[in-house]
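Residue numbers (the numbering used here), protein chains in the order written: chain A, 1 to 414; chain B, 1 to 284.
If you're looking for bench data, these hints aren't it; they were derived computationally from the structure.
Take the hints with a grain of salt, since some may be wrong.
Distance windows between CB atoms, simulated [stated by the list, open to error]:
no. : chain 1 : residue 1 : chain 2 : residue 2 : range
1   : B       : Tyr272    : A       : Pro117    : 30 to 36 Å
2   : A       : Pro117    : B       : Ser163    : 46 to 52 Å
3   : A       : Pro117    : B       : Val75     : 38 to 44 Å
4   : B       : Val18     : A       : Asn222    : 28 to 34 Å
5   : A       : Glu66     : B       : Thr279    : 57 to 63 Å
6   : B       : Arg64     : A       : Lys34     : 35 to 41 Å
Where a beta carbon is used, it is the ideal one built from N, C-alpha and C, also for glycine.
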Amino acid sequence: MSKIIEVRGLSKSYIINHEGKEQYTALRDVIARKAKKIFSFPGWKPSSSITKEEFWALKDIDFDIEQGDRVGIIGRNGAGKSTLLKILSRITDPTTGTISIKGRIASLLEVGTGFHPELTGRENVFLNGAILGMSRSEIKKQFDAIVDFAEVERFLDTPVKRYSSGMYVRLAFAVAAHLEPEILIVDEVLAVGDAQFQKKCLGKMEDVSKNEGRTVLFVSHNITALKSICTSCIILQKGEKKFQGNVNESLEKYLNFDNELSSASRKYIREETPSKNVFLKEAELIDVTHEEYFFINLRLKIYSSDSTRLSVNLRLKDELGFPAAYGCSHIFKPELHSMQPGENIVHLKTEKLNLAVGKFRLGIEMVLPGIESLDFVDDCIQFEVSNDTTATYKFGVMQSWGFSATEIKFKEII
Amino acid sequence: MSNLSSHENIETQNWDLVLKPGRAEKNYWKDIWRYRELFYILSWRDIKVRYKQTVLGAAWSIIRPLLTTVIFTVVFSKIAKLNNPGNAPYALMVFAGMLPWQFFSNALSESSNSLIGNSNLITKVYFPRMIIPASSVITSLVDFAISFLILIAMMFWYHYVPSWHIVFLPIFILIAFFCAFGVGLYLTAVNVKYRDFRYIIPFIIQFGLYITPVGFSSSIISEKWKLLYSINPMVGVIDGFRWCILGDPMKFSSFLISMAITLLFLLLGIFYFRRMEKTFADNI
Numbered sequence: 001m002s003k004i005i006e007v008r009g010l011s012k013s014y015i016i017n018h019e020g021k022e023q024y025t026a027l028r029d030v031i032a033r034k035a036k037k038i039f040s041f042p043g044w045k046p047s048s049s050i051t052k053e054e055f056w057a058l059k060d061i062d063f064d065i066e067q068g069d070r071v072g073i074i075g076r077n078g079a080g081k082s083t084l085l086k087i088l089s090r091i092t093d094p095t096t097g098t099i100s101i102k103g104r105i106a107s108l109l110e111v112g113t114g115f116h117p118e119l120t121g122r123e124n125v126f127l128n129g130a131i132l133g134m135s136r137s138e139i140k141k142q143f144d145a146i147v148d149f150a151e152v153e154r155f156l157d158t159p160v161k162r163y164s165s166g167m168y169v170r171l172a173f174a175v176a177a178h179l180e181p182e183i184l185i186v187d188e189v190l191a192v193g194d195a196q197f198q199k200k201c202l203g204k205m206e207d208v209s210k211n212e213g214r215t216v217l218f219v220s221h222n223i224t225a226l227k228s229i230c231t232s233c234i235i236l237q238k239g240e241k242k243f244q245g246n247v248n249e250s251l252e253k254y255l256n257f258d259n260e261l262s263s264a265s266r267k268y269i270r271e272e273t274p275s276k277n278v279f280l281k282e283a284e285l286i287d288v289t290h291e292e293y294f295f296i297n298l299r300l301k302i303y304s305s306d307s308t309r310l311s312v313n314l315r316l317k318d319e320l321g322f323p324a325a326y327g328c329s330h331i332f333k334p335e336l337h338s339m340q341p342g343e344n345i346v347h348l349k350t351e352k353l354n355l356a357v358g359k360f361r362l363g364i365e366m367v368l369p370g371i372e373s374l375d376f377v378d379d380c381i382q383f384e385v386s387n388d389t390t391a392t393y394k395f396g397v398m399q400s401w402g403f404s405a406t407e408i409k410f411k412e413i414i
Numbered sequence: 001m002s003n004l005s006s007h008e009n010i011e012t013q014n015w016d017l018v019l020k021p022g023r024a025e026k027n028y029w030k031d032i033w034r035y036r037e038l039f040y041i042l043s044w045r046d047i048k049v050r051y052k053q054t055v056l057g058a059a060w061s062i063i064r065p066l067l068t069t070v071i072f073t074v075v076f077s078k079i080a081k082l083n084n085p086g087n088a089p090y091a092l093m094v095f096a097g098m099l100p101w102q103f104f105s106n107a108l109s110e111s112s113n114s115l116i117g118n119s120n121l122i123t124k125v126y127f128p129r130m131i132i133p134a135s136s137v138i139t140s141l142v143d144f145a146i147s148f149l150i151l152i153a154m155m156f157w158y159h160y161v162p163s164w165h166i167v168f169l170p171i172f173i174l175i176a177f178f179c180a181f182g183v184g185l186y187l188t189a190v191n192v193k194y195r196d197f198r199y200i201i202p203f204i205i206q207f208g209l210y211i212t213p214v215g216f217s218s219s220i221i222s223e224k225w226k227l228l229y230s231i232n233p234m235v236g237v238i239d240g241f242r243w244c245i246l247g248d249p250m251k252f253s254s255f256l257i258s259m260a261i262t263l264l265f266l267l268l269g270i271f272y273f274r275r276m277e278k279t280f281a282d283n284i
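Whenever a hint applies, use it, and build me the whole structure from the sequences.
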């Protein structure tokens, strides 16, 4: 085993221009700005000063990759994954740091780069192959395998603009899958095609990495894909490397990071003071523990102008806003909750909830049951139910399939 | 001791590629050679796509120069009553100038828009970016070749036999090629940074047509201004074309000047392009 990639102190910064909405610099503006400078009196500051901000997409990253490693790069959106891949594949220059590479790199940041709609499937295979760095003879040698893999034999001499989007993507991936570099860099490109083709792509990726001993760098949010392909992972968070280690450990860490990060959305603090007798001041999700199932543990701070009694309703919606579950505390505690004038702390703990995998939003309502709604804060808390990576016995139901829990039952109200 | 051995380790690791900020890759030109197949295939794509979905296809590269030649002949010879110093028919002289000019202007406008037109490639794959403007100049060379057939047809029509000078024609084609390439490199790099530059390019080309001896012979320029006039590298190229094809007189000094200016443009273009190349993906 020898080092094939060595990255030392790698950083990349972008300058964000806060002034204009324009996406690019126009010469017109540059000239106008220069003219303003010349004609303005000394000591006069131009009224529209541009505020420039430096944004570090990557900060001081070090890592080594050994030959034959299959490394997953994980991180939330904006963590710098794509920037890292772009630098490794030489599309953009690092701001500081050094990267040393041994062998030929092929990067697959997009499926079908350079495909031209006017050209036929056959022509595009050669074009795309050349763009990805294959030589003509290599493509010729692999041509039948590519066509076979893409399942488009009949349409080889049809311009790709007449292809269905599925055919287009299949052909594009097929070319990429037959690359034979020492190092293969793959951005999230597997999220294409139908389920069967995705499976085929994953199979091919596994084949390439495991059996042919290639070094693979793979960015994905697909935990299953990462698990089946990668041997180790690098976790990026806000441009910094947080962890590098074997795949299971990394994924576990990553999902925990995720919880830490989303802690902001787990706490709700009301900024304005509504002119209501009773209102929710603060809400905090203490934990959504998962031993086997989830349950919600909430701490509420409720303001009341005088002593009263009330009940708390919870409304759980999924990511898209569809109602998922509903619960009323007065069913568990018919005598209602008593409030003192001023701030009251209320702890709510629910029974086990059999929630589907996905993101949920919680709305909290204070009511006099059947009489009056005192205050209602929609979507004040968000949390995510993730697939338990350590448990093998449990199968997580995806949100798109169903919610399963419809009633929130309370266990404890203090 | 351990320090020494680790140092040794670094020495023995011979990397194929080291990426560092601002580092001009020493194997850039070798890379261009390595990516020559991409260069062929991109040129081939441009040519192929250019004539797809057009009614007349390649006929366009015949019709355009031919019509312009007719108009120029009428305007400059019949209306402005300009003379041709040589003994060739006026239309032939116009066409011999039109050929390199059309090639130059096509190549320039194609290559200066080439990077923006291929932004999807630039943001997704690495290759020496110079391939893109170069391949668009090559595409224009194909148009040139097609137009050249009309010149041959015209010579048959006028029963005109070219002088032996015609063997030097490739030299002038090369000068036109490198001149368009050099200026194109510069403009396409500027175009990535300042997007309104593309409005200037048609203007440069139109302006160029008037200061270049396309519709007239450069012999009508008075001696006093001749040297200044020759700063336009296309003056030397067109004079050279007419010298090769029609046997018109040519000044060696204007040829040298246009060579020098072309070389200057080429070096400037390459220098600026190489300096900007690293930021293309971020700016495009």
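Evaluation of the provided hints:
1. B:Tyr272 with A:Pro117: 30 to 36 Å: 33 Å, holds
2. A:Pro117 with B:Ser163: 46 to 52 Å: 48 Å, holds
3. A:Pro117 with B:Val75: 38 to 44 Å: For Val75 of chain B against Pro117 of chain A, whose Cβ atoms are near 41 Å apart, the range 38 to 44 Å holds.
4. B:Val18 with A:Asn222: 28 to 34 Å: 33 Å, holds
5. A:Glu66 with B:Thr279: 57 to 63 Å: 32 Å, violated
6. B:Arg64 with A:Lys34: 35 to 41 Å: The hinted range 35 to 41 Å holds for Arg64 of chain B and Lys34 of chain A, with Cβ atoms some 39 Å apart.
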